[in-house]
Amino acid sequence: VNWPQATEVPAGLDRVGGRVRNLVIAVVALAVTIVCWSLSSPPLSTPDENWHIANIWCARGPDESHCIEKNFATATARYNYAPPMCAHRNALQPARCATPSDTSTIGPLFSPDGNYPSTYRELMHQFIGSDGALSILRMKLFNGAVFVLILALLLYGTPPKVARSAVTALAVTLIPFSIWLITSINPSGWGISGVFGMWASVSALVHSRFGKSSEETQSRSQQAALIGVFLLSALLATQARRDVAAMAVVVVLVLIAEPSIRSWKRLFSGKPLIALATLILASISLVIKVLENSDFSFFGFRFPTEFRSLNPSGPTFNVWFTSWVTHFPAVFLDAFGNSGLGEGHEIVVSRLVVLIGVLVVGGVLFFASTVKSSGQLASLALLVFAFACILWFASLEFDLYNVPGRYVLPLLPVIVGTYVNYSRSPVQLFDVPNIRRITIGLLGVAHALGLYAVVERYSSGFSGGIRSIPIRFDEWWWDFMPVGPNGIVILGSIGWIVFLVYSLRVTEVRAALHGSV
Amino acid sequence: MLLIGIKRWSDKFGGTKAVRPAAISMLALVAFVASWALSSAPLASPDEQGRIASIWCAPISLNDSCRDRESSSEKGLTVGSPQYLPNHCYFRNSALPARCTFQEPYSQSTNVFSEGTFYLPGFQIIMNVLISSDGEASTLRMKLFNGLLFATLLAMVMLFAPSRIGKAAVAAVALVISPFSIWLITSINSSSWGIAGMATSWVFVPWIFEARRSNRQQDGIPSRMPLAIVAICGFLLSTTSRLDTLVMFVVVVVVFIVTESSVVRHRLSNWRTLAIGVPIGSILTIIVLRTIGERFQAVAELPENARQHQPELWIWITSWVTHFPQIFMDAFGVSGLGENDVRIPQSVWILALMTLGAGLLCSLTKMSSQQISSAAIVGFGFACILWFASREMDLYYVPGRYVMPLFPAIVGSVLYYSKSSVNLFGQPRLRKTAILLLGVINALSLYAVVERYVAGSSGGLRVIPIRLDEWWWQSLPIGPNAVVLVGSAAWPVFLVYAFRLLDVKSSIEERT
Chain H
6 VNWPQATEVP AGLDRVGGRV RNLVIAVVAL AVTIVCWSLS SPPLSTPDEN
56 WHIANIWCAR GPDESHCIEK NFATATARYN YAPPMCAHRN ALQPARCATP
106 SDTSTIGPLF SPDGNYPSTY RELMHQFIGS DGALSILRMK LFNGAVFVLI
156 LALLLYGTPP KVARSAVTAL AVTLIPFSIW LITSINPSGW GISGVFGMWA
206 SVSALVHSRF GKSSEETQSR SQQAALIGVF LLSALLATQA RRDVAAMAVV
256 VVLVLIAEPS IRSWKRLFSG KPLIALATLI LASISLVIKV LENSDFSFFG
306 FRFPTEFRSL NPSGPTFNVW FTSWVTHFPA VFLDAFGNSG LGEGHEIVVS
356 RLVVLIGVLV VGGVLFFAST VKSSGQLASL ALLVFAFACI LWFASLEFDL
406 YNVPGRYVLP LLPVIVGTYV NYSRSPVQLF DVPNIRRITI GLLGVAHALG
456 LYAVVERYSS GFSGGIRSIP IRFDEWWWDF MPVGPNGIVI LGSIGWIVFL
506 VYSLRVTEVR AALHGSV
Chain L
-8 MLLIGIKRWS DKFGGTKAVR PAAISMLALV AFVASWALSS APLASPDEQG
42 RIASIWCAPI SLNDSCRDRE SSSEKGLTVG SPQYLPNHCY FRNSALPARC
92 TFQEPYSQST NVFSEGTFYL PGFQIIMNVL ISSDGEASTL RMKLFNGLLF
142 ATLLAMVMLF APSRIGKAAV AAVALVISPF SIWLITSINS SSWGIAGMAT
192 SWVFVPWIFE ARRSNRQQDG IPSRMPLAIV AICGFLLSTT SRLDTLVMFV
242 VVVVVFIVTE SSVVRHRLSN WRTLAIGVPI GSILTIIVLR TIGERFQAVA
292 ELPENARQHQ PELWIWITSW VTHFPQIFMD AFGVSGLGEN DVRIPQSVWI
342 LALMTLGAGL LCSLTKMSSQ QISSAAIVGF GFACILWFAS REMDLYYVPG
392 RYVMPLFPAI VGSVLYYSKS SVNLFGQPRL RKTAILLLGV INALSLYAVV
442 ERYVAGSSGG LRVIPIRLDE WWWQSLPIGP NAVVLVGSAA WPVFLVYAFR
492 LLDVKSSIEE RT
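Protein chains in written order, with the numbering used here: chain H, 6 to 522; chain L, -8 to 503.
In isolation and in its complexed conformation, chain H is listed as follows:
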């Protein structure tokens, strides 16, 4: 294939200085974006935030300052903070519409042996101060900073190919829902950061171990950075949600198994591929049959809720199964805000964001398909695992058409990243200068629209269009900040584009130095 000019090291760029400069700019830009997302929404905005606030405030039991009462019998907690509820699930209301009359709130408690380990809320509890809203902002900024740290270490430590795959996967799957969750007090944010960090660090370590090029050998500091990312990510993934811990384990197992899969090339060519596909489908069917008919415990932990039969007196197994297979990709669309954001999905994200998201993911996957490799079956395995997760969530309390996408969001960047990472295509989407510009432009537009939708909804209320957000002093949550909502949208939008440009440059320069593009 006569591919267009692939990227080269920009002329005259000092190698070491250029790398450091690009890395610093990328990290600073990401930090700016993360700060803007942290400021984009007030308390009670993310899903189930009233639950998370109650559990964070009462993480250490009743005390004089934060938690008044913690009652496991009624599964409720009374705590010393009353976030205003007047705008709850009403997108037309400014979020700061009234000062609450109460000083305390009764909220629901998580079961101690439930899906949410206590480490998250105990750590978040450390950030509680006298001002509830400010306390929550501190937590959000901390969670965002952890994500920035992980990405900075990854950009520094990973081999170019893995770094490029990681940046590509993040660029096309992070906005708007994942980045919003990462900068929230919802444990799912840790889940996304953690699983992604584990995937990238293990990919890099496996790549270094099995990489053929001696030029890709990493320095000690780079290896230390990767091990640091792995440990930090493992902490996040295992302490966010128990199901996310299982996801992280499966991701690592698949990555470790991948070199062995690669060596079985004969298995994955021609008819054996059909046999493999049949085997996978048969396995899924078996799992579903088991799920259908049994109560199901997971790593020794059992949900407090009752499991529902997946197909109670419904259609035949074949109809039911194929209905789910043809629908489940839509669950991932929540990553692009397909079902709206916010507690009651009341933030309508422009359809353009969803369309751009799907379109760009398609471009990335197709470019990674020009020369396929058996290693890409790892992403197929992860996709099948995601399907199993969706079925599992559905067996809890939802049906497939109502499984919230955020439950499987940690797997989306990993699936895309794995497919790109194991591709043997000589050129990926972001390697062609013209397409890179266009794609960054599209992703910049999608990100700006997503950020704007959230900021507008929580400051002056949803308008349906785009405008300079009219702001009265009492409508803006963070009135001590030197920037208002419009400033946040502009800064965040620019920050995201700058991050994409410079993070890709980091990988580009390193790849060119290693001669591996």
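If you're looking for bench data, these hints aren't it; they were derived computationally from the structure. Be careful, since some hints might not be right.
[Claimed, not checked] Pairwise CB distance ranges (calculated):
(1) Val376(H) x Pro50(L): 58 to 68 Å
(2) Thr321(H) x Leu227(L): 46 to 56 Å
(3) Asn407(H) x Trp378(L): 29 to 39 Å
For each residue, glycine too, the CB sits at the ideal point set by N, CA and C.
Got chain H sorted already, so can you dock chain L onto it with the hints?
For chain L alone, coordinates are given in the frame of chain H:
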């Protein structure tokens, strides 16, 4: 006859290597459109009770298909009572088999799309010629006729147009036609002709210019007859179906003529022109329409949960600009087919948009200033959407089928004018992947339609259980499952062999 025709064509244009792919692709294309024609029952496509009344009670009729036709002076409407009154018991209830035993027709008399609407009588008159005593067989005949008309035009473009044009046209059709467009093409809805005409006739302007350039370089003059037929058919199909399609045809032709002019070819030197031109053109369009359009109702044009506001002009504009691309997604069955009662699996539009995205991004690896044509048509599409919205709908409810004729022209012009050395259907592995995905998209969609109109929608996939009285086309030797299988196999086979044929033509053109 087909084989003889292809043999003659190969002697003149394609060479012996092209005969096999040409023959197989033509047969597969016919099987594909026939499967879609058989997929749905009478009354299936949008407003079909009105179409049946309009066709059976056409202004010029050679048979006694109409019992009564009268104009109402009060409302300015024409009401017709056709001899054929289709059963409607399944109407808008997707769980019901379409051919249920309840025999009461939808209505004895129905409003006719005629004078005073933008549906032109030519379509109705031609369809009226195909009427026989059996109403169901008549509708099937019309569907097959419309499908074959489209297949013939596409085949002519593939066989006779320069290979570069042929590849762009086939790729554009492949990327956007399934499921909604092909379903409309093989229906008795006037939009059938509009989409078929526009999907194939946009090529004739670049074809003329390529022929002129080729004449300057060589002594031989390419055959002008196929070119003339495609141009005339495209014009006739557009002008006799819908008034708005006629306007679309004219605008698209003008856009392509301007695009081929030396100003665009040589003076617009970089892609930034596109980036600047699209928003400026769109905003100007909105401002003009906003100024002259007294009928816009601003409140009703916002998303439902924002309608308490009286928006400012700027909010209104940006709301529309960021929403209107969604309307084109109806092409992939986002809003369902039929009277919105055929639910297409979500994976269809996701896979379709991903494949389209890959196709467009590949073609943008090296852009040309002539790709501004697609931006111009997008801008025009936006204006059309505003116009439709100003009639009776708001933006959030403009049916995508109204602007669907423009979709192949938009995608085709991006692909044709690309200077990229790589394209989705040019690289073997990408081509295989794309055709596989397009095959899945088509199979899922065709299944959803057939199942809905035979046994009722189940929500999943199964061997369609069929009782004899539930299958519409009992006189045919095949049942609904076979229709799905044939249609599903025919589409990828067509694409594989069509691109093989165009590869052969391309290599011959390079040699000569």
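Q. Per the hint of 46 to 56 Å, is the separation of the Cβ atoms of Thr321(H) and Leu227(L) within bounds?
A. holds, 49 Å
Q. Measuring from beta carbon to beta carbon, are Asn407(H) and Trp378(L) in 29 to 39 Å?
A. holds, 38 Å
Q: Could you tell me whether the CB distance from Val376(H) to Pro50(L) stays inside 58 to 68 Å?
A: Taking Cβ atoms as reference, Val376(H) and Pro50(L) lie about 60 Å apart, which means the hint holds.
Against the hints set out earlier in the document, no violation occurs for any number.
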